[in-house]
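Chemist: Based on these hints, arrange chains B, C and D on the given structure of chain A.
Residue numbers (the UniProt record's numbering), protein chains in the order written: chain A, 1 to 365; chain B, 1 to 365; chain C, 1 to 365; chain D, 1 to 365.
To be clear, the hints were calculated from the coordinates, so they are not data collected in a lab. One or more of the hints may lead you astray.
Note that identical chains are pooled: a pair holds if it fits in a single copy or bridges any two copies.
What the hints assert, rightly or not - The list that follows gives simulated cross-link-like pairs (lysine-lysine, DSSO-like), each with its CA atoms no further than 30 Å apart:
no. : residue 1 : residue 2
1   : Lys52     : Lys62
2   : Lys50     : Lys62
3   : Lys355    : Lys50
4   : Lys52     : Lys355
5   : Lys355    : Lys222
There are 4 protein chains.
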Amino acid sequence: MNEALDHTTVVHAMQPDDTPELRELYRGFEEQSLLPLWTQLGDLMPIHPKSKAVPHVWRWSKLLPLAQRSGELVPVGRGGERRAIGLGNPGLAPHAYVSPTMWAAIQYLGPREVAPEHRHSQNAFRFVVEGEGVWTVVNGDPVRMSRGDLLLTPGGNWHGHQNVTDQPMAWIDGLDMPFGQQMDVGFFEFGPDQLTCLDTPEYSRGERLWCYPGLRPLSQLKDTVNSPIGAYRWQYTDAALSQQLALEAEGYPATVATGHAAIRYVNPTTGGDVMPTIRAEFHRLREGTQTETRRDVGSTVFQVFDGRGAVVMNGETHSLERGDMFVVPSWISWSLQAETRFDLFRFSDAPIMEKLNFMRTEIEV
Amino acid sequence: MNEALDHTTVVHAMQPDDTPELRELYRGFEEQSLLPLWTQLGDLMPIHPKSKAVPHVWRWSKLLPLAQRSGELVPVGRGGERRAIGLGNPGLAPHAYVSPTMWAAIQYLGPREVAPEHRHSQNAFRFVVEGEGVWTVVNGDPVRMSRGDLLLTPGGNWHGHQNVTDQPMAWIDGLDMPFGQQMDVGFFEFGPDQLTCLDTPEYSRGERLWCYPGLRPLSQLKDTVNSPIGAYRWQYTDAALSQQLALEAEGYPATVATGHAAIRYVNPTTGGDVMPTIRAEFHRLREGTQTETRRDVGSTVFQVFDGRGAVVMNGETHSLERGDMFVVPSWISWSLQAETRFDLFRFSDAPIMEKLNFMRTEIEV
Amino acid sequence: MNEALDHTTVVHAMQPDDTPELRELYRGFEEQSLLPLWTQLGDLMPIHPKSKAVPHVWRWSKLLPLAQRSGELVPVGRGGERRAIGLGNPGLAPHAYVSPTMWAAIQYLGPREVAPEHRHSQNAFRFVVEGEGVWTVVNGDPVRMSRGDLLLTPGGNWHGHQNVTDQPMAWIDGLDMPFGQQMDVGFFEFGPDQLTCLDTPEYSRGERLWCYPGLRPLSQLKDTVNSPIGAYRWQYTDAALSQQLALEAEGYPATVATGHAAIRYVNPTTGGDVMPTIRAEFHRLREGTQTETRRDVGSTVFQVFDGRGAVVMNGETHSLERGDMFVVPSWISWSLQAETRFDLFRFSDAPIMEKLNFMRTEIEV
Amino acid sequence: MNEALDHTTVVHAMQPDDTPELRELYRGFEEQSLLPLWTQLGDLMPIHPKSKAVPHVWRWSKLLPLAQRSGELVPVGRGGERRAIGLGNPGLAPHAYVSPTMWAAIQYLGPREVAPEHRHSQNAFRFVVEGEGVWTVVNGDPVRMSRGDLLLTPGGNWHGHQNVTDQPMAWIDGLDMPFGQQMDVGFFEFGPDQLTCLDTPEYSRGERLWCYPGLRPLSQLKDTVNSPIGAYRWQYTDAALSQQLALEAEGYPATVATGHAAIRYVNPTTGGDVMPTIRAEFHRLREGTQTETRRDVGSTVFQVFDGRGAVVMNGETHSLERGDMFVVPSWISWSLQAETRFDLFRFSDAPIMEKLNFMRTEIEV
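For reference, chain A alone in the conformation it holds in the complex (with noise of 0.2 Å):
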């Protein structure tokens, strides 16, 4: 193999000379559609992923009130659709992808407001951090939103939102619109304006359904692509993560690593992921724990649920506190620690990278 060569140097060294022939070649090019790849293989064909979006964390400090004065300046309603304010990864500027693949976003509900009905293809998620009162109906089936629980709504399926308290909301959104938007997959359709089912039930029928460990309905053994669990709520999640830990203590296996408990939310009717293209899982560590420092092809976002910490992106420390969002894009280098016990959730686009077979990982050792 060729020690040392950089496709910057390279590149440059090896483009012909400036003639007037070559320009009249390039000119038919141009003429013709046609871009030579040998001006261009630095960019299509890096030596490994360089993403334009950079690592960048969002202060809930900063969001949250952003999010309230929207919630007294900007209607809720058909069109719109939604008060959901996305976080621009700085280096995709003008878009408002947080990388390629994923958008995320704070959502706002005032009180007694509704997002009505709609559909479509990109899959999306909702992780609530704080706060309570909402329901959300995905195909006719209100299920409630409180703090710890993520919600799904994956591609096709109908949904709508109601805030039935007289206390706002907010939430995070997780949907694959960058990637749908640059692949060209996205269908869309509006739904009623008014939700198809106003009652507000502590557990939604899928849950009633499909809510109790290793048990499936024999009404329902045909295997589904989405998980048809709505939401996964905080009171399993932190029971596992607990009993991770504690097993760890009494001396059994059952982390990812020493004082790093975590699980992945699934699709009972497979194992797999609970959407085609989103990862999503939470993460706790032990007070003082300090993760591998890493990297892998795609991107990743975390929301710090609780507890205090930092993570370490490309040798930077960034201090984390409850709210606090961060991107990792792909192939950066990243690492967490947590200051007191410290609860993450996470997604990321891993299902895409692994299904088309460019899942990569590198651990510094």
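Modeler: What follows is chains B, C and D alone, placed relative to chain A:
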């Protein structure tokens, strides 16, 4: 197609004339360990499955006293290994097969008794119709056994049992031993005479890792052939069935058929059957419900868990009470009738039939 | 683990004393169709597979004359259906089973004879060690049978045969009938007495659609359980094996082991076995090659296609010539020795063992 | 559902009044790297895919002379790596993307020239519309390139090319580079400047191992993500298509639609697509045939291999001759018309769309 052809008549009609030459030919066959198809076709290739196994009911009121009496007369320990009394299908004597694929038994453990550890290729489960006080230790993980629980000991897992109380306990065992014996697949190893772990925790370590709906430990991402859940607890089974009937009452699809709730126990890493050869389910019928009459390839065994009702097999009605067990051999028609609310545990060899493409079902209309 | 425990001795040691009470208990068992595990454990759960089937060799020099004599004495037609003479494993008498799962036979069709159409759940193939002139018609598609060809008639496919020449023809049949008979899975239907198509094309329609390496008809994108290829022609098998040995000679990895080329016949829609229960392979050994000694769960049958050599089963050497057939039952050790270049067709029940997670192999070192 | 709602109008209608307070809010968004959904929804979530890519035709009569001229003016070698001229979709300028996922180019290698070895994550293939004399060396295995052949160099495989004749040769390349660049997945490594193998065999070692219909080397039982077949030869493609039309003429189902034969190139270890992101097919239309008008999610590129005809894209007809290439972006309607017998090579990103559950097709009736 040929109308009204029947193997018996046709085969007889077609046998060649019994001549000295033919007899000499047949002697030649015998000397060379050969058997002609034309004299055996009806047995080898019936028009539809005609099992030697017969439909049969075993009464708990008879089983339990015999098990108790065994407890007085027969020691449990190394060699005999288990005080288990197998249900012998009358059509399959002298084999202790409840069906051509399955073995079913009542197992009995007296106060403070221990069944020593061993392991084998055959897949096994236990289901508890009544009693408590025994822990089964699977690969060193003690699993409490209580009424309504399904416990797994898949092929290759070390396991033993101990009764930690002053009361005896009985339960049923199901294994794929007849399949294994006829198909020559079995390995067996003796383990220690004493259990590797004497703890009696409320929940096994497997449950603490795995029993949260839709949550997968990040440390356990590799799919497993067998379910990692050692115990499927009654509280979840009961709740799942109750919710199916409640949803049905509210007007939503949730049950298999009107008044008929059912769950399948599954491997959470795949959503499929708990073990490669055995399907396990639990069915609940509302009072007065009667199921469709159907026949399936493969055999199935039921145990009444609660309530009163009946099974109709091949047109014959058998009334049923708590603990009663029955077997439905391949292609025998059957339906259930619920006199009261009627709860039944069920297991079958359906995974074998499905994986090998032999499953076929006929519903009587 | 427990050293040197053997079921036989242990089980005997552990039997309870023969008392009047015990005898009464056993009578109770009998009345209730029950059989205790402790008296049967050694049979139900052997230390390793101990097949009743025995290793056995059938000589083509004996088989063929008996088949020819059958041609003179036994008509072929409706009822008997086929003039097929099954290889009966001496350990499985009186059943015509070559092994617990498989049936193997020599089939013989006289000049101008027709074997009428039928279909059944059981999976079948034919392999031609010599001769030509017969077409098998599978679902209306006539398939030429020639030396070295493997022909499939998977479960559920209508099929019949006709000899269009004035010479008789013999070939071998393989089916999963013993599995089907013991596991109660079989359905059988008679078809028309005459073949549905009397054409005798060089290549079947299935071959014309499917037999191009790596090319899939766009009209056939749905995967099928059974291979859509009706005939695997000798010219390809021979070329594939020759090229493996040539590549090996050139220094590239291509063979299973030095001097040992082999192909598996596969379903092109999945890359897996040709039928759900039967694996088919062809092996070629260079002159002087000896294979490793191994044992596997499941049974396998070989037929010598060309050359001379030997098989060692359980330490006993059997010399082999063209057409000779032998069976290796489950967990019997075996290896092959090639006196000349040595070509063998092979089939087995390995798909059953693999799908049900019972496969296990031991290589002698 | 909501009748006649259109994003453009609705979104405009719903924008909040432009007040100082709103402007201050938007400034706050900007400072915090946030972008509201309600000003961007139409772009992020269109009613149906609205690709920036446009339907476009490139003429071989223009491509080839420009490639030839490049051969005179531009060296091939380390750094530029390949003398490849990319088809730049006019809607995606300045990127050299033929579609959002795919890159397509004409590559040109002069007499005795060598394109040095390298490897990359991106998946690549070559298709030869005319010429011969080049061998591509893939992981050390030299593969002859001839008219009508499809050659694979899947992600991660080392590859280089050499022209061993005194004539230049041109062919087309297809890669998933645009997907890789936008989704940040790519790795690239330089290999030796000289090819690792200078042999020019008729058939590559991969072909000698794998190219027998339905036969799998026993030494290669592990399924691979990419096809192990390096070259899909024209002789097989041509024969497969001819036989489909012949079977159709004989009255049997074999073609996709009347007069329309087609094959998909597949991975023989799975029956699925040749590489994880790229589907490759070959279509043959009988003279006078017109295909249905359809639209699909995802983009596809065709090259005319032989004959004359036309493509209708979005209602506009483009006549086509040998070597002409065209792209159909996502959700653009298209159909083909055959003036003579009409042969076309085709590739697309359909595996991406199918694996991520975004595929959707509409047939005009």
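Chemist: Next step is simple, just say for each hint if it's right about the structure.
Modeler: A quick look at each hint next to the structure:
1. Lys52 - Lys62: within (24 Å within a copy, 35 Å between copies)
2. Lys50 - Lys62: Classified as within: same-chain Cα gap 29 Å, cross-chain 35 Å, threshold 30 Å.
3. Lys355 - Lys50: Both, since 21 Å and 25 Å are each at most 30 Å.
4. Lys52 - Lys355: Both: 23 Å inside a chain and 26 Å across chains, each within 30 Å.
5. Lys355 - Lys222: both (21 Å within a copy, 16 Å between copies)
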